[in-house]
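Trainee: So the sequence lines, in the order shown, correspond to chains G and P. This note's numbering numbers the first residue of the first sequence as 1016 and each following residue consecutively. This note's numbering numbers the first residue of the second sequence as 63 and each following residue consecutively.
Keep in mind the hints are simulated off the structure, nothing from the lab. There could be a bad hint or two in this list.
Computed Cβ-Cβ distance ranges for the label pairs, DEER-style [said to hold, decoys possible]:
hint, chain 1, residue 1, chain 2, residue 2, range
1, G, Q1084, P, T111, 53 to 59 Å
2, P, P89, G, Q1033, 20 to 26 Å
3, P, I224, G, R1042, 36 to 42 Å
4, P, K121, G, R1042, 19 to 25 Å
5, P, T173, G, Y1085, 52 to 58 Å
6, G, Q1033, P, T169, 26 to 32 Å
7, G, R1037, P, D187, 14 to 20 Å
8, G, D1098, P, P89, 24 to 30 Å
9, G, Q1033, P, T111, 17 to 23 Å
10, P, M197, G, Y1085, 55 to 61 Å
11, P, K221, G, A1046, 25 to 31 Å
12, G, R1042, P, M197, 54 to 60 Å
In silico SDA-like links for lysine to any residue, alpha-carbon gap of 20 Å or less [to be verified]:
hint, chain 1, residue 1, chain 2, residue 2
13, P, K221, P, A130
14, P, K221, G, R1119
15, P, K121, P, E161
16, P, K203, G, T1126
C-beta: ideal position from N, C-alpha, C; glycine also.
One-letter residues, chain by chain:
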Amino acid sequence: MMPPHNPDDIDLDLELRQALRRVEPSRDFSALSYALQSTAPRGWTSSRGLLALAAAIVLMVSLPAGVVQYQARQQRREEARADLIKALRITRSKLEKTQQMVVRQLDRRNTL
Amino acid sequence: MNGFTDIVRQHQSMVFSLAYHFLQDRPLAEDVTQDVFLQLYREQDSLTTENHIRFWLRKVASHRCIDAARRRKIRPRLGLEEIREPAARENSPDPILSETLRKIVATLPETPRMVVLLRYQEDMDPSEIAETIGMPVATVKSHLHRSLTMLREKMQRLKKEIVR
Chain G
1016 MMPPHNPDDI
1026 DLDLELRQAL
1036 RRVEPSRDFS
1046 ALSYALQSTA
1056 PRGWTSSRGL
1066 LALAAAIVLM
1076 VSLPAGVVQY
1086 QARQQRREEA
1096 RADLIKALRI
1106 TRSKLEKTQQ
1116 MVVRQLDRRN
1126 TL
Chain P
63 MNGFTDIVRQ
73 HQSMVFSLAY
83 HFLQDRPLAE
93 DVTQDVFLQL
103 YREQDSLTTE
113 NHIRFWLRKV
123 ASHRCIDAAR
133 RRKIRPRLGL
143 EEIREPAARE
153 NSPDPILSET
163 LRKIVATLPE
173 TPRMVVLLRY
183 QEDMDPSEIA
193 ETIGMPVATV
203 KSHLHRSLTM
213 LREKMQRLKK
223 EIVR
């Protein structure tokens, strides 16, 4: 059942039509169609497809940066390892020299 | 100029207005409009006539708007203090009264709100609205009746508040 009509109803009808008249968007959505036709074939523009495209772009951008970072870390690790080996060699050499000195001192004391 | 671009130009204000009046949120309405046209782009081969395209756009836009509103989970609650006093009635449209009505319409639950929009923005009759939203004509008429009654009551309350 529709509401009963009285002069106020007609006003409300008119005012609703006025209040809810169409408005123009601030963006021109027809530009979207050019973008769609130039970037992706029809049938490939689902949200999932667009997400996959975005993920691939992010991966392509972030992957080389990740590789460079990994290589730099590896190089620093190699350098640290080489430094440690060098330090151990020096220590070992000094210990050997000290040992030889001690042995010589003991030999000299024994001969006296 | 290609066919799809023409279709978008021709119907963008209809789709955007439905979304904007329904959601009262311009960026969200633009997102919904873009989604509707993206879907149209995928399915345009199956839509042959102008009437079919218009029907399809109204149907998809209605459902997308209702989904967006449900996801947002916000229905504007209207306090009378938020509404400015409408100017004295004249023949010319009163922008404050229009704004007040839009705000009151925005407080309706999703389905009746869309019914009111299709009725008054798109000038559709109840049987067309029923076909678009996918519900019985009697339900559409019931939503319209209740919504108009509610709108009238709120306007009356507002008048009383202003007179006091």
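Trainee: All hints are to be evaluated individually against the structure, with a verdict given for each.
Mentor: Right, here's what the structure says about each hint:
1. G:Q1084 x P:T111: 53 to 59 Å: With a Cβ separation near 57 Å, Q1084 (chain G) and T111 (chain P) satisfy 53 to 59 Å, so the hint holds.
2. P:P89 x G:Q1033: 20 to 26 Å: For P89 (chain P) and Q1033 (chain G) the Cβ distance comes to about 25 Å; the hint holds.
3. P:I224 x G:R1042: 36 to 42 Å: Cβ of I224 (chain P) to Cβ of R1042 (chain G): about 38 Å, so the range 36 to 42 Å holds.
4. P:K121 x G:R1042: 19 to 25 Å: holds (22 Å)
5. P:T173 x G:Y1085: 52 to 58 Å: holds (55 Å)
6. G:Q1033 x P:T169: 26 to 32 Å: violated (19 Å)
7. G:R1037 x P:D187: 14 to 20 Å: Distance hint for R1037 (chain G), D187 (chain P) holds at roughly 18 Å.
8. G:D1098 x P:P89: 24 to 30 Å: Because 56 Å falls outside the window, the suggested range is violated.
9. G:Q1033 x P:T111: 17 to 23 Å: violated (31 Å)
10. P:M197 x G:Y1085: 55 to 61 Å: Holds, at about 58 Å.
11. P:K221 x G:A1046: 25 to 31 Å: For A1046 (chain G) against K221 (chain P), whose Cβ atoms are near 45 Å apart, the range 25 to 31 Å is violated.
12. G:R1042 x P:M197: 54 to 60 Å: violated (32 Å)
13. P:K221 x P:A130: violated (33 Å)
14. P:K221 x G:R1119: violated (115 Å)
15. P:K121 x P:E161: The given pair, whose Cα atoms are some 26 Å apart, is violated under the 20 Å limit.
16. P:K203 x G:T1126: violated (124 Å)
Taken one by one, the earlier hints fail for this structure at numbers 6, 8, 9, 11, 12, 13, 14, 15 and 16, listed in ascending order.
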